[in-house]
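Following the hints, complete the assembly by docking chain B onto the known chain A.
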Amino acid sequence: MTLGLVALSFEHPLLVTAVLAAVFAAAVAAHAGRHVGRAVLWALPFGAAIAVVNALVTREGLTVVFRGGTVPGLGRLDITAEALAYGGVLGLRAVAMIGAAALFTATVDADELLRALRRRSLRAGVTAALATRLVPVLARDGRRLADAQRTLTGAPPRLGVLRAVTAGALDRATDVAATLEVRGFGASGRPQRRRRPVSRHDLAFGASALGLATLAVAAGIGGWEGFEAYPRTAAALGPPQLAIAAALAVCALLPFADRRGIA
Amino acid sequence: MTALALDGVTYAYPGAAGPSLREVSLAVEPGEFVVLAGASGSGKSTLLRAAAGLVPHFHGGTFAGRLACGGLDTREHGPAELSAVAGTLFQDPETQVVMGTVRSELAFPLENRGWSAAAVARGVEEAALALGIAALLDRSTHDLSGGELQRVALGAALAGRPRVLLLDEPTSQLDPVAGDELLGVLRRINEEWGTAVLLAEHRLERCLPAADRVVALHEGAIAFDGSPAAFAAWAPPELQPPVTRLCALAGVAERPATVKAARTALAGRIAALAGNDTRATDAAPERRVRGWRRRAAGPDPVVALRRAWYEVASGPAILRGVDLALAPGEAVALLGRNGAGKSTLLRLLAGLLEPTRGNVMRAGRVALLLQNPGDYFLHDRVGDDVENAGALADRHPRDVSGGERQRLALELVLSAGEPPVAVCLDEPTRGMDRGHGARLAARLRDLAAGGTAVLVATHDAEFAAAWAERAILLGDGRPVADAPTADVLGGGWYFATQTARVLGGAGGALDPESGAALLRVAEEVLG
Numbered sequence: 001m002t003l004g005l006v007a008l009s010f011e012h013p014l015l016v017t018a019v020l021a022a023v024f025a026a027a028v029a030a031h032a033g034r035h036v037g038r039a040v041l042w043a044l045p046f047g048a049a050i051a052v053v054n055a056l057v058t059r060e061g062l063t064v065v066f067r068g069g070t071v072p073g074l075g076r077l078d079i080t081a082e083a084l085a086y087g088g089v090l091g092l093r094a095v096a097m098i099g100a101a102a103l104f105t106a107t108v109d110a111d112e113l114l115r116a117l118r119r120r121s122l123r124a125g126v127t128a129a130l131a132t133r134l135v136p137v138l139a140r141d142g143r144r145l146a147d148a149q150r151t152l153t154g155a156p157p158r159l160g161v162l163r164a165v166t167a168g169a170l171d172r173a174t175d176v177a178a179t180l181e182v183r184g185f186g187a188s189g190r191p192q193r194r195r196r197p198v199s200r201h202d203l204a205f206g207a208s209a210l211g212l213a214t215l216a217v218a219a220g221i222g223g224w225e226g227f228e229a230y231p232r233t234a235a236a237l238g239p240p241q242l243a244i245a246a247a248l249a250v251c252a253l254l255p256f257a258d259r260r261g262i263a
Numbered sequence: 001m002t003a004l005a006l007d008g009v010t011y012a013y014p015g016a017a018g019p020s021l022r023e024v025s026l027a028v029e030p031g032e033f034v035v036l037a038g039a040s041g042s043g044k045s046t047l048l049r050a051a052a053g054l055v056p057h058f059h060g061g062t063f064a065g066r067l068a069c070g071g072l073d074t075r076e077h078g079p080a081e082l083s084a085v086a087g088t089l090f091q092d093p094e095t096q097v098v099m100g101t102v103r104s105e106l107a108f109p110l111e112n113r114g115w116s117a118a119a120v121a122r123g124v125e126e127a128a129l130a131l132g133i134a135a136l137l138d139r140s141t142h143d144l145s146g147g148e149l150q151r152v153a154l155g156a157a158l159a160g161r162p163r164v165l166l167l168d169e170p171t172s173q174l175d176p177v178a179g180d181e182l183l184g185v186l187r188r189i190n191e192e193w194g195t196a197v198l199l200a201e202h203r204l205e206r207c208l209p210a211a212d213r214v215v216a217l218h219e220g221a222i223a224f225d226g227s228p229a230a231f232a233a234w235a236p237p238e239l240q241p242p243v244t245r246l247c248a249l250a251g252v253a254e255r256p257a258t259v260k261a262a263r264t265a266l267a268g269r270i271a272a273l274a275g276n277d278t279r280a281t282d283a284a285p286e287r288r289v290r291g292w293r294r295r296a297a298g299p300d301p302v303v304a305l306r307r308a309w310y311e312v313a314s315g316p317a318i319l320r321g322v323d324l325a326l327a328p329g330e331a332v333a334l335l336g337r338n339g340a341g342k343s344t345l346l347r348l349l350a351g352l353l354e355p356t357r358g359n360v361m362r363a364g365r366v367a368l369l370l371q372n373p374g375d376y377f378l379h380d381r382v383g384d385d386v387e388n389a390g391a392l393a394d395r396h397p398r399d400v401s402g403g404e405r406q407r408l409a410l411e412l413v414l415s416a417g418e419p420p421v422a423v424c425l426d427e428p429t430r431g432m433d434r435g436h437g438a439r440l441a442a443r444l445r446d447l448a449a450g451g452t453a454v455l456v457a458t459h460d461a462e463f464a465a466a467w468a469e470r471a472i473l474l475g476d477g478r479p480v481a482d483a484p485t486a487d488v489l490g491g492g493w494y495f496a497t498q499t500a501r502v503l504g505g506a507g508g509a510l511d512p513e514s515g516a517a518l519l520r521v522a523e524e525v526l527g
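From first to last, the protein sequence lines are chains A and B. Each residue of the first sequence is one higher than the one before, counting from 1 in the numbering used here. Each residue of the second sequence is one higher than the one before, counting from 1 in the numbering used here.
Chain A extracted, bound-state conformation (with noise of 0.2 angstroms):
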């Protein structure tokens, strides 16, 4: 999580590009490149998009690279090399921000995370309970209709399968929320907080969460970043910016040097 806030908090290029390659690496030393790899490719056409989108809309910089005259409703339409760059930042923060979620969902036990929310809020966790159970039933239901109706046609048809889950996904949601009820959830209030012991690797990827953090604050703080996006785009690439890359691939990945205790 703190990775995809520090994407959020870096616009240099390059340190967008570390915490990227800190995610697919701390993904990879997690068992989850794969969940992370396929998100990070699904995410790429959005990073796209958003980097034209930035490109069309943006009235600033210099450099025009592109006069498109004038669009009813929109005004001049004039593309700037500054605006295509700045774009590039936002969709490259964009994919970076969408791998941290997932190697989030991929790390993190959700039903801690249900429970911390049932503990908050009572609400919110029969909807995230009903939500995270009811769409692996779902997809159950998916693919088993789509099985059985290549056993009928060869091909399923994707639109009546999809339009027969939809159809039955109150039913289901109201088997999973009979279920919720009769598990007696909501019967007594909130459950208690759990004591778990902090194993050595919960302090390291702590440590890291606190490091990585206190770096992002510190570069901000400092203006060690040297990123200028408008009017002409200016991204320094001196010691500093190479240390800051240098101390984020660190500072993510050393939790992993110790597997002891790790199955």
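Derived by calculation from the structure, the hints in this document are not laboratory data. Treat the hints loosely; a few may be bogus.
Covered stretches of chain A (chain B as the covering partner; in silico rule of three or more C-beta atoms under 8 angstroms from a C-beta of chain B) [said to hold, decoys possible]:
#1 101-111
#2 146-158
#3 174-180
#4 206-218
Sample of chain A residues facing chain B (criterion: CB under 10 angstroms; computed from the structure) [unchecked claim]:
#5 Leu114
#6 Arg115
#7 Pro136
#8 Val137
#9 Ala139
#10 Arg183
#11 Gly184
#12 Phe185
#13 Gly186
#14 Gln192
#15 Arg193
#16 Arg196
#17 Val198
#18 Arg200
#19 Asp202
These numbers were taken from a predicted model, which means no experiment stands behind them. Ideal placement from N, C-alpha and C gives every residue a C-beta, glycine not left out.
Then chain B, alone, in the frame of chain A:
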């Protein structure tokens, strides 16, 4: 305190034409093990849902009378409060797990009651050990099979040591071994903890030996309430356990409810059959054995697997070098434990999966009916999916009974293209009452008589005995037995019919009809 008390309970679902429960009065005492019997739609599930408080709090509708579960009146206490005294398990295990891991699932009901972390941890361990699922504790619930999910859901229902257990067909997903194990666990919990158990089940032969009492429902009203022995004497043919029917057809006065009682009632005749006198067994009907032998040496197979393997990326191979051939018109039952590879084998034959090694030969279309017949209906109206649905054409597929849905789905599969050379069915009797099971068996016999090879994966030995002439037992990814049904189901411990257990497999008798014929012949031959 009475564990469960119903006093004149009448209930109708919203918009229903009539009530699903009618003037039901019933008292279940602590430590009682009660089996709910009845055909599909008789009100068993509704009664369990009423006891859990879901009726009327969750489903709405019209409720009259009084119901107290563990001393809590369901008019004043909702399902969440009742969960402190009642553990509930429904039919479909997929919608009964709400957490990501088995450990969290078992902990969930205990945390909801505000138990301390230590008490939760202890409750989880004990429930897991009781149900033999300790090895699953850290597995993701998304990766579990239906049988495993069923046991996990039961563990969640049991974890808080409820005073009452409400179970709706808990063994429907389980093979005979796992089903017997589960009933053993339930009986132990019932005896050692004094937990009252109310269990609805179609396969009465499985659970009557564990029961103290049977309550039979008919159209929402109690038609019988008494001991298993009294139930066997009272039961109409469609509810009779096979051993009861065996004795009735053999002309024995007693109506036993269990294999042990039937052995006692038939002791003299069984001794005569087993007394080294082969005259009786020689005179027994041999139709299945002859049919199988004829076809085994007969025409070319319509579908065959040659040294077929099916391996997944992670985990052991599911099928290991299977050789299997089905002749035209052959009726074959495929048996085996949960996870033995039955469903995978059917999918390979039908072309839904490709073997990772080996090959599949098909002489034409192989039709496949998967486990959930509802998956074949994509529209809101049965008639839009199935031609010639008759009176059911305008009904919603979900409003059709399970047996009817199975029948319609089978017709849909059979008519989907060119006439099939073989038809495969995966667990078609799951949750099906005996009447619908008998009609399905008759349909399968008709298909085989018409020249279509029939292969059915099933855990139900009684159902297999009703129509199959050959049985294959899968174990460790390959057939460990492939022989006439009488040989496979006549000599097994778990994969055996009640008739075969009573008669020791004598004369290849598997069902009450052939068993009774054998006993009559034995009586005549032996004087």
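Hints versus structure:
Coverage of the region 101-111 of chain A by chain B holds. Counting CB-CB distances below 8 angstroms, 3 residues qualify, and the rule asks for three or more. Given a C-beta distance limit of less than 8 angstroms, the hint that chain B covers the region 146-158 of chain A holds, as 8 residues qualify and 3 suffice. Counting residues of the region 174-180 of chain A whose beta carbon lies closer than 8 angstroms to any beta carbon of chain B gives 6, which reaches the threshold of three, so the coverage claim holds. Here's how the region 206-218 of chain A fares: 0 of its residues keep a CB closer than 8 angstroms to some CB of chain B, so the rule of at least three is not met and the hint is violated.
Checking Leu114 of chain A against chain B by beta carbon gives a least distance of about 7 angstroms; that is within 10 angstroms, so the hint holds. Evaluation of the Arg115 of chain A hint against chain B yields a held restraint, the C-beta minimum of about 7 angstroms falling below 10 angstroms. A cut of 10 angstroms between beta carbons decides the hint on Pro136 of chain A: the least distance to chain B is about 5 angstroms, and the hint holds. For Val137 of chain A, the interface hint holds, the least distance from its beta-carbon to any beta-carbon of chain B being 6 angstroms, beneath 10 angstroms.
With a cut of 10 angstroms, the hint placing Ala139 of chain A at the interface with chain B holds, because the nearest CB-to-CB distance is about 9 angstroms. Satisfaction of the interface hint for Arg183 of chain A is found here, the shortest Cβ-Cβ separation to chain B being roughly 4 angstroms, below the 10 angstroms cut-off. For Gly184 of chain A, the suggested interface contact is upheld, since its CB lies about 4 angstroms from the closest CB of chain B, less than 10 angstroms. Satisfaction of the interface hint for Phe185 of chain A is found here, the shortest Cβ-Cβ separation to chain B being roughly 6 angstroms, below the 10 angstroms cut-off.
A hinted interface residue such as Gly186 of chain A counts as satisfied when its beta carbon comes closer than 10 angstroms to some beta carbon of chain B; here the least separation is about 5 angstroms, so the hint holds. Against a cut-off of 10 angstroms between C-beta atoms, the interface hint on Gln192 of chain A holds, since the closest Cβ of chain B lies about 6 angstroms away. With 10 angstroms as the threshold, the beta carbon of Arg193 of chain A comes within range of chain B, its nearest partner Cβ sitting at about 8 angstroms, so the hint holds. With 10 angstroms as the threshold, the beta carbon of Arg196 of chain A comes within range of chain B, its nearest partner Cβ sitting at about 8 angstroms, so the hint holds.
Using the Cβ-Cβ criterion of 10 angstroms, the hint placing Val198 of chain A at the interface with chain B is not satisfied: the shortest such distance is roughly 15 angstroms. Interface hint status for Arg200 of chain A: violated, as the beta-carbon distance to the closest one in chain B is roughly 21 angstroms, over 10 angstroms. Given hint, Asp202 of chain A at the interface with chain B, is violated; its Cβ is 17 angstroms from that chain's nearest Cβ, farther than 10 angstroms.
When each numbered hint is compared with the structure, violations occur for hints 4, 17, 18, 19.
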